[in-house]
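Undergrad: Now for the letters of each chain:
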Amino acid sequence: MPPIAQEGNCLIYRGSNFLKQRLVLSCLSGKPVKITQIRADDEQAPGLREYEISLIRLLDKLTNGTKIELNPAGTSVMFSPGLLHGGALQHDCCVQRGIGYFLDALIALGPFCKYPLQCTLRGVTNSRDSPSVDHIKGAALSLLKRFILVDEGLELRVVRRGVAPLGGGEVFFSCPVRKSLRAIQFQEQGMVKRIRGTVYACKVSPAMANRTVEAAKGCMLKFLPDVYIYTDQNRGKLSGNSPGFGICLLAETTDGVCFAADCISNTREESDTPSIPEDLGRDVAMRLLDEIYRGGCCDSAYQWLAALYMALGQKHVSKFLTGPLSTYTVHFLQHLRDFFSITFKLENPETDDDGEDDMRGAQKVLLTCVGIGYTNISKRVL
Amino acid sequence: ARDAFLQRHSESRNLMRIVYGVYNQGEVKEKQEEDNAEDSEEELGGLFRLASKKQTNLQQDKDIRDKDERCFFEYQSDATRDWLSDANKELIKNCFVTGKWKASEDAENL
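Residue numbers (our numbering), protein chains in the order written: chain A, 1 to 382; chain B, 1001 to 1110.
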């Protein structure tokens, strides 16, 4: 959705969708953003949700001099960003959404802060609506590593797990700062060489975890012999406040690309029937295979992150191969154009003349752009 | 339907247009001419069509305006494919190291 109007520097949008994209890009570009008519048609609960307020609070903690104005009904927000500060911070994330929702924003902003980010987030570590912490650790951090080259100080640690609805989990995330990101050309996805995974069980019988492993492994072994799934059993304080179990699978390729897929058990609110571990295991395997079919040089949930880093890179040509673009990425590319006036060239890479039998999954998309040469002015030069 | 969806999303001619809308000045002109031509053919019908087009745009706009934000890849239909069936297995067999390698990187051919 294009901005409905522009007042000087300020972009005005309508509706609550893509709030995170808009706020993150606003922080990076320094352009204020105004979002109106947030759930204005919703009679039960108009305005911002609690988790969105929580995200705005987090951005406020991360930056210095941010001004936020909400109207009384909460249906309109004016956000004028300050400087990205970073440093050590703690945040209690709203349990309506997973920590992944908040962590995404931190990963996008982390490299451009003044001080290296050292952040403790508390809330729901694994949920259905956002990528889980394991997913981010595998897929997003491996992508970030490609752009910052040296990964010293880049860490994501699960201190405690916590599932919906009560949460109680905790993660620690630290991210180094960079003056600028390098432009990369990344067009080879390689072939999947190993499957790794994590199964966790919080406040349920350990047998659940083991049965999930069996089922998932059974599916994946049909494709590749190198499958190893780690079981993370937690007790007492370490397992959060709600019962649940789930699984995250990672596929690594010969060129270091990571694909990930998540699955988690139903909570009591979501459905009356409890999840069956065997179904869950099979489900996650299918999702991972879907992901492998789409392919590309990053996980489909993080195409937007690759596009962001490319756009903010040095003034060289960046090329990046992805699978079919997700709707979220399409909108992100539109937002990138609104904030940074950068347009990507999107095309299909030419296929080799080897013919049909060499097809590797879905039709790919090649993103090409010249970075805008974004430099981190706040970073100290030693 | 699912394949059509994927195809539509990854075909290069349409790709730029899907993402950035009508981006080319020439194309805009072309489109207007097209519209004009059709309009003169059947005036009433043309008017009617234009309005409905606007309506669908509005509807689309409304549909995504307040949706929950999530970054996962979403299909139109939610079901995932059964990858264990042989026909589907063929599609991704070569994505794994156990599949066929490209000629340039195959050790046997080097």
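Just to be clear, a hint being listed does not mean it is correct.
Examples of chain A residues lying across from chain B (beta carbon under 7 Å, computed) [stated by the list, open to error]:
id : residue
1  : 193
2  : 196
3  : 224
4  : 228
5  : 234
6  : 236
7  : 330
8  : 342
9  : 360
Honestly, the hints are just simulated from the structure, not real lab data.
Quick reminder that beta carbons are idealized off the backbone N, C-alpha and C, glycines included.
Undergrad: Indicate, hint by hint, whether the structure satisfies it.
TA: Hints, one by one, checked against the model:
Because the beta carbon of residue 193 of chain A sits about 5 Å from the nearest beta carbon in chain B, less than 7 Å, this interface hint is met. Annotation: interface hint on residue 196 of chain A violated; nearest CB of chain B at approximately 14 Å, more than 7 Å. A least Cβ separation of about 5 Å between residue 224 of chain A and chain B falls short of the 7 Å threshold, and the interface hint therefore holds. Taking 7 Å as the C-beta cut-off, the interface hint given for residue 228 of chain A is violated, the closest approach to chain B being about 15 Å.
The interface hint given for residue 234 of chain A is violated, since its Cβ lies 26 Å from the closest Cβ of chain B, which is over the 7 Å cut-off. Contact between residue 236 of chain A and chain B, as hinted, is not supported at the beta carbon level, the nearest pair being about 32 Å apart and thus beyond 7 Å. A cut of 7 Å between beta carbons decides the hint on residue 330 of chain A: the least distance to chain B is about 5 Å, and the hint holds. Evaluation of the residue 342 of chain A hint against chain B yields a violated restraint, the C-beta minimum of about 11 Å exceeding 7 Å.
A least Cβ separation of about 5 Å between residue 360 of chain A and chain B falls short of the 7 Å threshold, and the interface hint therefore holds.
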